[in-house]
Amino acid sequence: MIIGFDVICLCLILLCAILALYIKDLMGAVIVFGAYSFLMCIVWACNAAIDVAFTEAAVGAGVGTVFLVSTVYSTTRVDSFKKNRFITQLLMFFVVCIVGSLLLLTVTDLPEWGDGNAPANAHLSSYYLENSIDDTHVPNVVTSVLADYRGFDTMLETCVVFIAFIAIFAILRVRKSRTNNDETSKIFELLVPSYQKVDSVIIKTASHLMIPFMQLFALYVVAHGHYSPGGGFQGGVILGASLILLAISYDFKKSLNYLSEKKVILLVALGVLIYAGIGVICLFLGGNFLDYSVLSKILPATDSIMARSHAMLGVEIGVALTVMVSMYGIYLCLSSNGRFDKGL
Amino acid sequence: MDYILNHFNYIIVVIIMMLGLWGMLSLSNLVKKLISMAIFQTGIILFYISMGAKKGSSIPIIKQAYDDHHHPIHQTINHIDYANPLTQILMLTAIVVGVATLGLGLALTQRVYSEHKSLNEDEILESLS
Amino acid sequence: MIDQAPALIVVIPLLAALFITVIGVYKPRLSWILTVLTFVITSIFTIITLKQVVVIGPVYYMFGNWPAPFGIEFVIDHLNALIIAMISIVALLVAIYSKHDVKKELGDKIPHFYSLFTLLVTGLLGITMTGDAFNLYVLLEVSALTSYALLALSKGRAYIATFNYLIMGTIGACFYLLGVGYLLINTGSLNMADIATIINANTYSYAVLAAFLFIMIGMWTKMALFPLHGWLPNVYTYAPTSTSCLLAPLMTKVSVYVMLRMMTSVFNYDYIFNVLQWQQVIVALAVLAILAGSILAFRQDNLKRMLTYLIVAEIGYMVGGAWLGNVNGFTGASYHIIADGFMTLCLFLAIGCIIYKIGDSSLASMKGIFKKMPLTMVGFLIGAFSMIGIPPTCGFFSKWYLLSGAYEAGAWPFFVALLVSSLVNAILFFRIIEVGYFHALPEEEPNHNHPKHKRDEAPLSMIIPLLTTAGLLIGIGIYTADIVTYLIRPFINTFL
Amino acid sequence: MQTFTSFLPAAIVLTSFIGSVAVFFTKKNQNLREVWTFITAAINIVLLFRMAKWILAGNTYTYHIAEVLPGLPLFFNVDGFGMLFAFVAGSLWIVTSLYSIGYMRPLKEHAQTRYFACFALAISATMGVAFSGNVLTMYVFYEILSLSTYPLVTHHQDNEARGGGRKYLTFLLTTSIGFALPAMIITYLNTGTLTFSNAGIFSQTADPTLLLVLLLLFLFGFAKSGIMPFHVWLPGAMVAPTPVSALLHAVAVVKVGVFCVLRILTGVFGIDLLSSTSLSTVVCVIASITVIVSSLIALTQDNLKRRLAFSTVGQLSYIVLGAGIATMYGVMGSMTHIAMHAFGKITLFFCAGAIYVATGKKYISQMVGLGKQMPITMIAFLIGSMSVIGLPLTGGIISKWYMVLGAMDSGRIWILIVYLISSLLNAAYFFPIVYNAFFCKEEDSQYPNKIKEAPLPALIPPVLTAIGTFLLFIYPELFLNFAKVAVGVSK
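Protein chains in written order, with the working numbering: chain C, 2 to 345; chain P, 9 to 137; chain F, 133 to 628; chain Z, 727 to 1217.
Hints may be right or wrong, so weigh each one.
[What the hints assert, rightly or not] Here chain F is said to cover these stretches of chain C; the calculated rule only asks that three of the stretch's residues, wherever they fall, bring their Cβ under 8 Å from a Cβ of chain F: (1) 27-37; (2) 260-269.
[Stated by the list, open to error] Label pairs and their in silico Cβ distance ranges: (3) Z:Gly784 to F:Phe430: 49 to 59 Å; (4) C:Val8 to P:Ile81: 37 to 47 Å; (5) F:Tyr611 to Z:Val958: 33 to 43 Å.
If you are wondering where the hints come from, they were derived from the structure by calculation, not from laboratory data. In this text, a Cβ means the ideal position worked out from N, Cα and C, and glycines have one as well.
Build out the structure end to end from the sequences listed, making use of the hints.
Structural data, given as structure tokens:
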């Protein structure tokens, strides 16, 4: 680990964070925030958290920024209202200072940065590292912990993605047929800035070329999660990003031809269902929920350890499906203000 | 100086988190609040990641030798060689949860905007009263 | 199947949510019946588990069959067995209740409402049962995200209120996560029982203090303890009726339970009450919460809003009781979780019925309500009596224990605050009763062919849950001794 | 001395309750509705008599309802005192019901079903208080009584009723939640029990300050007993229809208040503890002040019902004073006085109501010469007031006699003087009414010299209770024996 590099990165991150809060123009703030996220990825990668860095690059910096940009586009990028908030800000500054100094006080108690024998690195994590191969035959310990040891967490996490999609869909979706005659919808139309339809051949062709490779790569990330960094979340987000790219470079009509609204809802649920379904099958086979080892009873030519490995692939596929479709669905909702007609 | 360098990440974590927290509590623009929220969350993620870092360790993928039948050969693994996988998977979850919250917050922001024609909390409160 | 009950309690609503979403695309009408069915089954399982816990003691369930600190574990002890039973029953009642209300308020979003509804309950059940500190965070977010969505399904001011709730809720959850991080950095473990054994062997450092402090602040934000309560009233006032009926009884109470759980299962009595010695401060906060809640409630003339402030006061009851640091206080706090859950439900259901029929919950619109909706008002009365603390409703018995605890601890301000709050509640509710009882109905139709005081009750699917809840209030009150002896005391004995 | 476990006490409470439900569900048919009231009242009396025999033999009945708190059940325990009170309430209920019909129907009152249902419920709660075996049970029924009488107090549903009802609940709930509940909890935490026992549940070594505080909390906590300064609700509640006032002020509510106070004094503190400490004096002083002050206020009232109300306040404190003396005779006297005063005072209220039904007059100044028009009513009124004053030929003298005996036993002469002064004041505010009604000058009379009594249902009850008052003078044993059993004189 190059301490110096880390320190520089961390200082840059701090700078970006301050800038993101300081810049008045929302679009600028969002972009700086994207940079902040990418710098964060680098720090994490330096700290050997390659899966986290991967996820942050795809989810936090990538899709997250797209969401932010969509929102800024659908609302407004300038905030002209001025009111002196100095008192509040000062008060909050003191509150934050108190909390912060308390946190700084605890720093002395914390182990040094990179101390391999710190308690946090000893108890559970050493067990995972030393037993993952024997227990599950999966060399990527992150995957085995994610999908097996703490599989229940991951199922709920998939659920969170599902919830986010359903929630955003329920909040934002407005059906044209219902609002057409409505007076308010006309005002609503006026509020949303009009989009200039850019019909760029270059972008279209480039994305046309890119999308298949993106998707192929994403499938590789999903499938090869056992042996290399990656897995359902990362792969799912990349798949989702490819669909988002499609929607951005062409229009909603084309992307909705591939994946209609109805299909989106079904597939999001299906992804979680695959995950939970595997757990329930384990239940029916006499094991505990998500106890993949009992799947060896129905999977041909696998012992109980390989069954775990195979089942992990299954749940990763479920995760990928949910994440892909919900990222796409959330993008559709956010960028079109819930009307599903035209986006960024 | 050495001490500060050894705990540098924690200090940065504290500053980033407090920056985010301050932004959430005292900025008036809704989108800015959400950005602050994301900054706060990444601060916590950085906290977890740096507690799991080990000097001179590799990424937590076990270098495994296999026999001819593709069965892994048993070998003793020293956990010092690999970074902590536990904090990493926890943070995978946290990142996904974070983006889900962000998305939901943005959806709400859009609705607030269509309801009050503004993204500024003060302006909205003024229009309500 | 019985030994799988802990998993099924969570998995059944989760799967149901998925099916409701899928079926909702084609047949939105089925979602109500599916939800009700789900909670009937869940309630049966929770009650079976409750019985099992009483008979054989705490139940442990390993997900993926991984032994405790390595995998995720559900621990169902005496108290949370009771609380999951409460959650599932409340969910069932609200599900039945919501049929007409949702149809009226939400239109084409019904399947989304129900799928979020079931997921929310999944999250709450999981929070209560889980024995893993990080798993709790994930479940916390599951319930938080669903609750944001459910609250925002209403229109108008609900959006900005929910947005503020989202910010505060995220701060709470993040603080909790930070606290868990400090636990992890100290112990390297995430399983609560495991953490407890490791921490007890350690000396108490600043880092442990930070862990405790941040977990507590996180939970206090989530439960809206006094200075952090700002988000709550707006959120519950502007939410759709069915949503507030579900959230008001459950969300804050589950957070209180998490606080109790953290105090008992992760940290220990000695650390909290002898090493830290914060009890004076926290009880003082609780006193402020009770007084502030009561006073603010006094100033409201909207019924629903008034109740939201009463929730703030009730939170003070529970937090204060838990921090008295004696058996009676702790019993009171635990018992009040159940009692207050049903109490709040009862009142919110009653107000929901009124809003459904009258379209408004302001005090002025309550004129002559006793004539118009007698059954609803019976439910309302029993709920109000319980809030005031009139025996034999359960509100009286929780107050009994809290007062006992306050007396034993010598916490006189808390003692007095409890009494004052009861009296304020009495005045608040009798103000409403007076308006409903004395004022004649506003003359809506000049046509005198219609009888003046026409009965116009809410539909049966709303009245039955309301009256069931009212019955439960009395039932729980009468069985207080059993609840305390068989469920709450065994739990407390492991702690004190 | 035996203790029977029996369903009987619960049955009595339940019959009234079921009666109330039955009344509620037969609101269509007025006559059937009233029949329910009488059936349940009759059943109650029969059951009471069944128990009375065994109680008089010195036995007690217990019934365990439910164990609501660990080690602190809701249970009934019927002893002589409880029986005495139950008898008073049960027998006067029938008369009051009859009277209610006579009062309500001619005046075409609204919401009669609610009225009768709440009435039965109130009696049910009263019985519950009478039979309670511990403070918790007593408290539960006490609160139920407060709430079930609220619709009765505010029966007219006008602004005046609203004010009265507001006062009624504010005072009763404030005191019961603010004083009685904490006192109960502190007592329980200090002694570990709340079960009444004649020896008291506090040890002799208990902290005197604590005892004093608890005593005051209990004394003021059961504000139905009308001890000043928490008597305000009582005159305020006069807005209720007269039968309700009769019920409230003669039978159920106020008597429940003093019953509770007496129970606390004898069953929780115990006579021995009271007399051996200065607590007895504290009670006596507070009660004496109320006795004198309320009598003085009564003198100034022109509204007949208000005068009766202040008279009630005074008489209630008599009872408390009797127990406060903390001698056996004193306690016996005050227990009996519950019954004697109930009969006397209910007669007075019935008369007031009858006058109102017949003439529509409420004020004493309007009643000059009334004796000519309503001789029967006014004679009943005379008998009632004699009983309240404590003159011979009425039951009132018996109880007063014992109270005076008790005061002498304790050697506190000033209490004797209080009794004396108050009796004189009683006479001073009652006799002028009767005197003016009968012996006014012809030209002052506001009424024609023609007998026009109230309708029979409103006339018979006061006559009955007046006769009862007289009979109690001849046969005071009916209640006296219960009191004796309660304090443990006989056997």
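- prompt: Which of the numbered hints above does this structure break?
  reply: As far as the earlier hints go, only 1 is violated by this structure.
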